[in-house]
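S.K.: So you can see what is in the structure, the chains are spelled out below.
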Amino acid sequence: MSILQVKGVGKNFGALAALSEVDLHLEQGEILGVIGPNGSGKTTLFNVMTGIHRPSAGRVIFQGRDITGLATHHICRAGLVKTAQIVQPFTGMSVLENVMVGGCYGKGLSLARARSEAREILYKVGLEEAADKPAGSITVAMRRRLELARCLATGPRVILLDENMAGLTPAEIASVLDLLRALNREGLSLIVVEHIMQAVMGLSQRVVVLDYGVKIAEGRPEEIVKNPKVIEAYLGEEYA
Amino acid sequence: MSRTLSLGFWLGLGVAVLLALLPLAGPAYYLQLLTVIFFWVGLAGCWNLMCGYTGYIDFGSVAYVGIGSYVSGILMLKLGVPLLWACLLAGVGSALVALVVGWPTLRLRGAYFAIATFALAEALMQVAEEWESLTEGGMGITIPQRLEELSYYWLYLLLAALVVGLTWWIEHSRHGYALKAINEDEHAAAQVGVDTHLVKLKTYVLTAFFIGILGALEGTRLGYFKPDDVFDVHTTIKMVIMSLLGGMGTVLGPVIGAGFLQVIQDYLGAQFEQLYLVIIGAVIVLVIIFAPQGIAGLWRRRLGSGGGS
Chain A
1 MSILQVKGVG KNFGALAALS EVDLHLEQGE ILGVIGPNGS GKTTLFNVMT
51 GIHRPSAGRV IFQGRDITGL ATHHICRAGL VKTAQIVQPF TGMSVLENVM
101 VGGCYGKGLS LARARSEARE ILYKVGLEEA ADKPAGSITV AMRRRLELAR
151 CLATGPRVIL LDENMAGLTP AEIASVLDLL RALNREGLSL IVVEHIMQAV
201 MGLSQRVVVL DYGVKIAEGR PEEIVKNPKV IEAYLGEEYA
Chain B
1 MSRTLSLGFW LGLGVAVLLA LLPLAGPAYY LQLLTVIFFW VGLAGCWNLM
51 CGYTGYIDFG SVAYVGIGSY VSGILMLKLG VPLLWACLLA GVGSALVALV
101 VGWPTLRLRG AYFAIATFAL AEALMQVAEE WESLTEGGMG ITIPQRLEEL
151 SYYWLYLLLA ALVVGLTWWI EHSRHGYALK AINEDEHAAA QVGVDTHLVK
201 LKTYVLTAFF IGILGALEGT RLGYFKPDDV FDVHTTIKMV IMSLLGGMGT
251 VLGPVIGAGF LQVIQDYLGA QFEQLYLVII GAVIVLVIIF APQGIAGLWR
301 RRLGSGGGS
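In the order they appear, the protein sequences are chains A and B. Numbering-wise, our numbering puts 150 at position 150 of the first sequence, and it's gapless, one number per residue. Numbering-wise, our numbering puts 76 at position 76 of the second sequence, and it's gapless, one number per residue.
In case anyone wonders, no lab produced these hints; they're calculated from the structure. Treat the hints with care, since some could be wrong.
As a list, the in silico DMTMM-like pairs of lysine to aspartate or glutamate whose alpha-carbon atoms are at most 20 Å apart [to be verified]: (1) K124/A with E172/A; (2) K133/A with D185/B; (3) K107/A with E186/B; (4) K133/A with E171/B; (5) K180/B with D132/A; (6) K107/A with D195/B.
Make a model of the complete structure from these sequences and hints.
M.R.: Quick look at the structure:
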């Protein structure tokens with residue numbers, strides 16, 4: 001059964017239709033890639049799923065429950081979280097404390113429990129040595145991992161990754177991909193929005209393509225790269 | 001780490017106990033100054049707990065001072081409620097109003113929240129002016145009872161210690177982390193599961209409770225007040241400045257700020273009657289430029305990066 005379903009979702013900002021009639025489903029244990037040119041509605045789709053935007057039409061079903069229009073923190077506690085495209089650690093806190101907030105509130109842990117779980121999670125994402133550093137002082141690559149760690153602390157079933165690899169070097173990307181695969185093997189389902197084609201194609205079992213807020217293709221990565229509609233969306237008509 | 005935490009706690013408690021014993025020895029002038037300082041530590045401490053930690057700038061906190069004064073005044077005058085009970089009920093009344101007001105306004109951000117709260121305080125002053133059958137309007141209220149001067153010293157000390165202790169406790173609790181997360185990035189906080197509205201509302205209601213009690217007690221200490229005395233915008237401004245001077249979002253900030261400002265105000269006010277507001281203004285500008293995190297922040301920076309927690 002699908003753990004997450006998006007049914008006919010539309011989102012209008014004034015006269016602009018950022019999303020229209022988007023259908024999407026994520027299976028338990030799956031990694032789904034979502035690609036599309038800039039402005040194709042990927043981030044909006046994530047924002048609708050996590051309750052930041054209320055959709056103008058359609059429904060979002062998570063674990064069989066309609067979560068359309070629920071508040072962000074309720075959706076998080078239900079087990080659906082997203083990393084932000086622009087990393088936003090709580091800079092006044094240490095790396096460890098950042099992760100603890102997720103444990104305390106996303107998972108409802110006591111401070112002590114949240115602290116010990118946060119240490120485990122930092123170890124898992126490879127940030128254990130930065131635990132006591134101020135979150136504002138770490139590198140972009142570490143911030144991206146922290147963003148992921150903070151999400152993991154909430155005890156999610158599904159994580160939506162919004163360009164979590166942007167600005168990283170190839171070596172850093174490779175190690176993030178390893179980490180995501182390891183998390184996936186532990187049973188976490190992922191939806192990955194990414195501009196770095198190699199990363200998203202290598203990681204995803206299935207890919208959905210958005211263009212101007214409409215789903216134009218869906219299939220296995222190797223099918224997607226050959227799809228004329230997709231090539232047209234990215235490179236223009238003459239290449240299709 | 002927890003050792004330094006409990007050290008801070010016992011140190012604070014020790015200072016509070018010493019201050020409580022001081023009247024046995026101290027000269028009256030200082031006791032009076034301290035009474036006033038404790039009152040302001042309580043008020044600024046409440047402002048700091050809500051606004052310093054969340055970054056929501058409440059520009060109408062005096063509303064709860066006024067509500068406290070009037071609720072207790074009316075209870076004593078019209079219903080003959082004993083003074084201390086009246087003050088406690090005034091705190092409850094303030095908290096209830098804060099619940100009703102905070103529910104919608106805490107969804108506003110930035111300047112909108114500041115304006116909304118400012119408008120609330122001004123509107124309540126008008127209500128107190130106009131609702132003469134209840135509040136005696138512009139004639140003001142004369143409180144029938146008063147405590148001994150020293151009782152105010154102890155009560156304000158107790159309330160100040162409670163507010164500071166509560167701030168300390170909250171800072172090291174889950175709630176404190178949520179407040180700091182809200183201050184930094186409310187959306188990010190919500191995304192990791194923080195019910196931001198509820199966290200803000202709880203804090204707002206809690207601080208209104210203490211502000212209400214302080215306002216109620218101060219009403220009885222004054223013995224007589226009018227709407228523009230207890231809904232005076234300068235009270236809010238002073239709460240803001242004391243928090244700012246001492247250090248917003250720190251446990252000791254309002255203590256340092258209230259002590260510092262009240263002492264120089266007392267001293268300069270006597271020495272340079274005309275000039276002292278100018279001097280205070282200059283001090284505030286200097287602190288904002290050179291120590292944007294207040295005096296407590298300056299201290300923390302001196303100690304190096306070991307500030308955090």
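S.K.: A separate judgement is required for each hint: does it hold in the structure or not?
M.R.: Hint check results:
Taking the CA atoms of K124/A and E172/A, the gap is near 15 Å; set against the 20 Å cutoff, the hint holds. Pair hint K133/A plus D185/B holds up; C-alpha atoms about 19 Å apart against a cutoff of 20 Å. Annotation: proposed proximity of K107/A to E186/B holds, straight-line Cα distance about 18 Å (limit 20 Å). Taken as a hint, the K133/A and E171/B pair is honoured in the structure, with Cα atoms around 19 Å apart against an allowance of 20 Å.
About 17 Å separates the Cα atoms of K180/B and D132/A, which keeps this hinted pair within 20 Å; it holds. This hinted pair checks out: K107/A and D195/B have alpha carbons roughly 12 Å apart, not beyond 20 Å.
In summary, the structure agrees with every hint in the numbered list given earlier.
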